[in-house]
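**Student:** With the sequences and hints as input, model every part of the structure.
Residue numbers (numbering that gives the first Met the number 0), protein chains in the order written: chain U, 0 to 292; chain R, 0 to 301.
Simulated from the structure, these hints should not be mistaken for laboratory data. Worth double-checking, as some hints may not be accurate.
As the list claims (entries may be wrong) - Now the in silico label distances, taken between C-beta atoms and shown as ranges:
(1) R/M216 x U/T254: 51 to 57 Å
(2) U/V57 x R/T188: 35 to 41 Å
(3) R/G202 x U/L91: 56 to 62 Å
All residues carry an ideal CB built from backbone N, CA and C; glycine is no exception.
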Amino acid sequence: MAESSRKQRRISPTRRRLRQELWNIATYIVIFVFFLPTLWIILTSMRPEVEVNARPPVLLPRALVFDSFAYLFKVGHAEKTIPFYEYFYNSLVISAASTVLALTVGTLAGYAFARFHFQGSNLVFVGMMLARAIPGIAISLPFFILFARLGLLDKITGLVVAYAAMNTPFTTWLMQGFFKDVPKELDEAAQIDGCSRWQSFIRIDLPLALPGLAASGIFAFLSAWGEFQIASVLTRTPASKTFPVGLYDFTQQFTVDWRGMCAMSVVMLVPAVIFVLLTQRQLIRGLTFGAFK
Amino acid sequence: MAYGRKDYGGFTGRNFPFFMVFPAVFIVIVLVVLPMVYSFYLSLTNLHLLHPSRVRFVGFGNYLKLLKDSVFWRSLLNTVIFTGVAINVEFLLGLFIAQLIFKTTRGQGIVRTLIMSPMMFAPVLVGFQFKWFFNDQVGLVNNLLYLLTGRYNPIPWLINYPLNLLAILVAEIWMSTPFMAIILLAGLTSLPVEPFEAAAVDGASGWQQFYYITLPMIRPFIYIAMAIRSLDLGRAYDLVRIMTGGGPANRSEMVWTYTFRLAIADNKFGLGTAMSFVTVAISLFFVAYFFRQLAKSQGSVY
Chain U
0 MAESSRKQRR ISPTRRRLRQ ELWNIATYIV IFVFFLPTLW IILTSMRPEV
50 EVNARPPVLL PRALVFDSFA YLFKVGHAEK TIPFYEYFYN SLVISAASTV
100 LALTVGTLAG YAFARFHFQG SNLVFVGMML ARAIPGIAIS LPFFILFARL
150 GLLDKITGLV VAYAAMNTPF TTWLMQGFFK DVPKELDEAA QIDGCSRWQS
200 FIRIDLPLAL PGLAASGIFA FLSAWGEFQI ASVLTRTPAS KTFPVGLYDF
250 TQQFTVDWRG MCAMSVVMLV PAVIFVLLTQ RQLIRGLTFG AFK
Chain R
0 MAYGRKDYGG FTGRNFPFFM VFPAVFIVIV LVVLPMVYSF YLSLTNLHLL
50 HPSRVRFVGF GNYLKLLKDS VFWRSLLNTV IFTGVAINVE FLLGLFIAQL
100 IFKTTRGQGI VRTLIMSPMM FAPVLVGFQF KWFFNDQVGL VNNLLYLLTG
150 RYNPIPWLIN YPLNLLAILV AEIWMSTPFM AIILLAGLTS LPVEPFEAAA
200 VDGASGWQQF YYITLPMIRP FIYIAMAIRS LDLGRAYDLV RIMTGGGPAN
250 RSEMVWTYTF RLAIADNKFG LGTAMSFVTV AISLFFVAYF FRQLAKSQGS
300 VY
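**Tutor:** Shown next as structure tokens:
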């Protein structure tokens, strides 16, 4: 922190300390306001039923109950109302498979864009970014017709393919940033020592860009995990419906089980929380890399 | 590329970059470009999902039909207002929060983590959550108003027109501001301290330092944040679809939800695809604008 106000003579040390404390408190208040909705969802998923929509609202639950989670996981309930497992399974498989695809091709392409300036490379790169800008709802329409003909509608494969296409430009972009971070000289040294370009890519660059690979992978995974627009058009039944579509269905019911929905949200949040906490540093670096040329 | 090796051609030689780029380009062309071309063709037909055999080429008829459609204009107006307000507020609020956190001396780590919490929510979750908060019967917002005023007269947030747009805006701003703040904070952290020390010696106030040093120096980060944000304009679809469904009576409709309504809900697929190109045009406009600014601020186009 640059304590630059140190040199201002007119303000006494005590007043400066007071100012800093007030500043800190202002930060805490703003952050708390932003965090409140998150806190509310988490608390509600565990509060007694009567408190859920209480007027006036109850901030801290008087007791913690886990009924709604038990209900999701069908503990003590023979009746199955939410095909929770199916949605969870579909989302997991689709996100994982599409991430592997997008990450593989994105890494290869990102490396090429970072290391070589071949004919039309700028054009191709910009073109890919423009492809990324097409709203999900717009790209879902041709998919709908094409997949209907190919028999991929309401199939897990269809969504894997769609999400891989959606995420490829972004993984390419992130990876080229991370590869630019690896000194070119290492590559050149490896090749003088007799490595082929492919070998130096696999043995030198890829291990060094591993944190970036993790961050890009997680980014791709989370985009697929929370994707709704394409899934809302391409899925019809629990055979391929993902978590977000399932969640949507339940918000449209006449009487919504709000606490149950909060529990579902918390379950959906878990992978995101873990991943973001683990990789926030790489993610921010990857996204802002272009600024340090 | 001055590599100290001979090029052999083929996979490991001169064509190496081509082979590396090929799979990504192939995927994008086959799964994005070609479907979009096909989609454009469909937008020139009157394809109706319930009568697929009666498909006929109508030229730009669908686009003309949209121009005469009052719901189209309303969705466009809503989208422009929504996007314009959202991006500006997110930027200003994000800058404010970034500066707040940057100058915070205690607990910065935990504060940084907490502000990222909205980024972990998928847009559908945000939509659901704010649909509940703004619910007129059981919502937190009305309950809080009751707590503050002592009287209970529920406000139909998601039903009355400008209010439902406002509710969606609040959700959008909550969802996207932390991202702006985090990128701008990364920018603030990367700045050298010398200019600030020099300015302090010269007696510049905090505001002056912020305006004349901080702001110009983090400009690239501002455009990075804006550019990435502009790639995700269409995410608003998730919020609108869940919170109001574009209703009541199309009043909170935006271009993205109207596309869905026409193509899928009303089965007018040709008209819907025409509408989808309006969403593409809007996105490309914002993306082109912010990426150009970004390139300018870096002094080069990639």
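**Student:** Each hint should be assessed against the structure and marked as holding or not.
**Tutor:** Each hint tested on the structure:
{"no.": "1", "hint": "R/M216 x U/T254: 51 to 57 Å", "result": "holds (54 Å)"}
{"no.": "2", "hint": "U/V57 x R/T188: 35 to 41 Å", "result": "holds (39 Å)"}
{"no.": "3", "hint": "R/G202 x U/L91: 56 to 62 Å", "result": "holds (59 Å)"}
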